[in-house]
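Residue numbers (the working numbering), protein chains in the order written: chain E, 227 to 733; chain W, 2 to 326; chain P, 51 to 368.
It is worth saying that the hints were derived from the structure and are not from the lab.
Heads up, the beta-carbon is just placed ideally off N, CA and C, and yes, glycines get one too.
Wrong hints could be hidden among the right ones.
Said to hold, decoys possible - Pairwise CB distance ranges (calculated):
id, chain 1, residue 1, chain 2, residue 2, range
1, P, Leu213, E, Asp370, 36 to 42 Å
2, P, Gly186, W, Val102, 37 to 43 Å
3, E, Gln676, W, Ile35, 56 to 62 Å
4, P, Ala220, E, Glu306, 44 to 50 Å
5, W, Arg193, E, Glu306, 54 to 60 Å
To be verified - To spell it out: a stretch of chain P is covered by chain W in this simulated footprint if at least three of its residues, at any positions, have a beta carbon under 8 Å from a beta carbon of chain W; those stretches are:
id, stretch
6, 181–190
7, 275–282
One-letter residues, chain by chain:
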Amino acid sequence: MNDTLIAMRGITKFIYGGDGRPIRNTDVKILDQVDFDLAAGEVHVLVGENGAGKSTLMKILGGIIPPDAGELRIAGQRAELQNARDAREKGIAFIHQELNLCPNLDVAHNMFLGREPRRRGVKDAAAMYAKSSALLQALSCDLDPRTQVARLSTAQQQIVEIAKAMSFQSRVVIMDEPTASLTKREIDVLFGLIRRMRADGMGIIYISHRFEEFLEVGDRLSVLRDGRSVGGMRMSEFDPGTVIHMMAGHAIDEMYPRTHRVQEERVLEVKGLRLTPRTPPIDLAVNRGEVVGLGGLVGSGRTELAKSIFGVRAFAGGEVRYLGRKTTAWSPGRLIAAGMAYLSEDRKTEGLVLGMNIRENTSLASLASVATLGLISRPRELAQAAGLIDQLSIVAQSAEQPVATLSGGNQQKCVLGKWLSTSPRLLILDEPTRGIDVGAKAQIHKLIDQIAGTGVAILMISSELPELIGMSDRIYIMRAGAVVAELPAGPGLTQEKVVAYSCLGET
Amino acid sequence: MTREVKRPLGLTPGALIGLMGRHVSFFIFAFLAIIATLCVRNFAARDNIVIILKQSAIPAVACIGMTMVLMTGGIDLSLGYIVGLASIISGILAKTLLLPVPEVVLAVLLAGALIGLANGLITQYLRVPAFIATLGSGYVIYGLAQIVSQGSIINRLPAGFLAIGRTDLFGLPSAVFVAAGVALGFHILISRAIFGRQLRAFGFGPKAAALSGVPTARINVTVYAISGTLAALAGLLFTIRVNAAQPNMGGGVFTFEVVTAAIVGGTSLFGGVGSVAGSILGVLSIKIIENCINLLGVSYHLYLAVQGAIILLAIIVGNMTNRRA
Amino acid sequence: MPIAHPARRAALFLLPLACFLVLGSLIPHFLDVSNLLNVVRQSSIIGICAVGMTYVIIIKGIDLSLAGLLAFCPMVSGMLMLAGVGMVPSIAAGLAAGIVMGLFNGLMVARLAVPAFITTLVVGQISQGLALIVNGGRSIGAFPARFVFIGNGSLLGVPLSDLLLILFLALGFFIQRKTALGNHINALGGNESVLRQEGISAAKVQFFVFGFSGFCAAVSGLLLSAQMDTVHPTQGDAYQLDAIAACIIGGVDLAGGKGSIPMAVAGALVIGCLRNALDLQGVHPFIQNIFIGSVIIVIVFLGGVVRRRNELATRGTL
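Bound conformation, chain E alone (with noise of 0.2 Å):
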């Protein structure tokens, strides 16, 4: 039982820059010389924050990226994977969150897509429901393999993934997040598989950060952060505290701009929001000058919650109040025209045009201040465009330049300048430093200062520590959901403190 499955040495994988290579004489990577290993009959989980790596080292053993550093040994031998078909075929299986099948077809027909059973010349649905049977029997699933996988539960679908990746002879199994959709019943009937795959001798990576699940599931864990291997223990030796004291120790390199002043007057009021029905009530509150962040992993209902306030997903109950009033059901069009902003956290297809340049880009949310009688007048766009460029020192040849062509972080200026063209009085930026190089991050930091100072309230949502805690006057952090905890700016607010909220729900 002690056969080492997955030998995965000095993975490293750079960030890519906007010409499409790698950017490589930097300190900040996607992984750093990580190495990983999975011994047959145990379940290995893998731990660390968003960002921290994780992902692209699974999208590595998966075949679905290729590292630009490093070895990667398939029980003893050396492997350089193709694709995702070639590590299916090397034993490795890969189950993700959002599922892979034809909701439109039946469990067999999902699970012998390309690989149809034939007998004289003819496909062999038999044979296939025989099969699938069989196969789901060995994961004590009574399944008719008959049925419609759109009207299964996302229970029964992962179930049918797991038994399509052992209809394979896969050894390694991957699972990203598996129970985030789950209800306890069905978490107890996936480790209960996961159980007997271990006893068969496979190898299990569990991704998760459920740590009420660790000490039920899995065997060892191990930590990532920041694309490094910080450390792992074994499961016996399991304590939460250095978990999470190993997950948030990230170093600040930073020295996070504060010259704004928070004030009184009350700008932004969440009360009682119920995200889905069955969540419970938010309370949250931005005054003016102030910048709030929100924390908390990824589902965790962080983006929801903003794009809730922003009038563009609906709720299951409450009230939003924009300075006084209740906005409840305004459109995004109305909100912005009384001063709201939301910068949302996927900058290419959410917050800018691609197809159109500089000053388009950034007039659009504001295209009635610089036109006159419904006609845009160019000079004064011109002119707002210029001033934005040079203001959020944006590098490009000219306000004609199409945005597409910029990097992340002057792509997010864009976006940035876009908001501010309008005035706000309330900024929500949901991510506004994800995928931007370092310098135009202290940059925006210090924009994000600067506009806290001219008195418009924001409400940040980061998941990285640092940008968090260093630009925040108060945190409220999220998880599942709910609002678990609001924390005050000050000495006791710590890395670790936010990630055992996050990840715990408590300290």
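Given the coordinates of chain E, work out where chains W and P should sit on it, guided by the hints.
For chains W and P alone, coordinates are given in the frame of chain E:
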């Protein structure tokens, strides 16, 4: 500070393709005009140019509306049938009911607007894909036109009515100037007005546009209403030109011609890219081809097939130069 | 069953039956044997087109080239036959024309990412233009007796048209339910990325689907001309809408991934019944079009509503 970078005047091949890509419609038009002048006798004669302009006016009007619909990523397959319905309605109002000319015009345009509005509402709020919604509504409209006309054609329309399009100004019928006026108006709307900017943003990136406060639902419905109105106007002008109101006017062939012109004019099927100027050049381009085919004595039916080849070529070229993700 | 809900399938098989009964009771002469045979004869044109169209809609496309191909392909065969070429090679040429046009559609969709509605619209227009050019816009007719027999003759009392429809029904059914390709077609309509991950070429599936649709259009066109002993250059216009309507009534989902050949053929029979009944009542074909156009919009709308409700129901936590 913006870094001022001096662009070398020597154009690189990449820059040249980019330049051509942005002004594809002009290059195509110029190319065709030059070839035609050189190869086809009598092409550049004044009378012939007048014919081309006369024949371009009506498709141009309809093409402007279709361009706007294409810019949102949709399509209006009912356009040709709206032309037919508008034709017969105008005939009935002008001749049978003898309504005053301004009322006839208003009524016809309103009818087109309402039909277009229905198309837009079905596409936006019933979430029926545009090609199916307008395919279905096209047949409905065609049937309505047949019912309204009761199978007959209305000839010899009142002179006052005909004057809208047939008045001679500077050697060209007034219909050409109506088309020019419409083109100018919509050019300003699309290239200078807030609506036009929002339309383009919606076509390129609907999510980003919506999050920036662009009223995407309203714009989507509006472009279909505009397309319907302009199709009705085209039907009106058509009726005046041939002095006959009939439900078969326009039809699927006309729709196809208008779509071809829009795409040759640089409109992208995926949305966002398009311009009035480009589409006008597109109409002129295909009318030049049609004109040459007539002058050369080639069968008109060949032209229909050729039109298909043209649109394919335009799409392929568009794919290479536009290169939208 | 790879797809579709059993109860719904049963209901849709009953629909043409219900149609027959209802219309039969309301309209005199509807249930005359001669009339019913006529209904199936006419439905066979729509039905064969619908078989090809079903696959196209399953992979989220549409085939608007039917109208042109229904005229062009028989025009090719007809001109050859009248020029003295044997019947079999002439028919083969017409079928080849349809397949080539279909494959071209597939090429545009697979390699150039042109939306299906545009490429098929264009190919349809080109085909229609060619059908008009080939004989200067005139109809042709007076074909060899053997050819006309295909359209109007019977074998053991069953009209050949009906047999041909049954043949295509069986063929379409067989491909969809009994071959790996059928599974791939459904998968392409359901989740293209999964298909690609399994190493299956989406392009090959698209080529087949559009090529097959072109083939079906060619067969229908030839059958139609055999029935009428004439090729009229615009004879295809009437059938395109009906083929789409047949698929939609037969429960083929425009959003892709869902559709069954037998149900589409059932839809064709329904359309055939409706058209026939309305004809008997003296309702003008154009007015029939109004009805069918509206039905299409309504069914697509309702289908969309149901689909969105299902999606909401199965969505995850947040």
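Cross-check of the supplied hints:
Roughly 37 Å separates the CB atoms of leucine 213 (chain P) and aspartate 370 (chain E), a value that falls within the hinted 36 to 42 Å. For glycine 186 (chain P) and valine 102 (chain W), the hinted distance range of 37 to 43 Å is satisfied, since their beta carbons lie about 41 Å from each other. Between glutamine 676 (chain E) and isoleucine 35 (chain W) the CB atoms are about 57 Å apart, so this pair conforms to the stated range of 56 to 62 Å. In this structure the supplied range 44 to 50 Å holds for alanine 220 (chain P) paired with glutamate 306 (chain E), their Cβ-Cβ distance being about 48 Å.
The beta-carbon spacing between arginine 193 (chain W) and glutamate 306 (chain E), approximately 56 Å, falls within the hinted interval of 54 to 60 Å. Residue count for the stretch 181–190 of chain P with a Cβ under 8 Å from a Cβ of chain W: 4. That meets the three needed, and the coverage hint holds. Coverage of the stretch 275–282 of chain P by chain W is violated [criterion: at least 3 residues with CB-CB distance below 8 Å; count 0].
Going down the numbered hints, you'll see the structure goes against just number 7.
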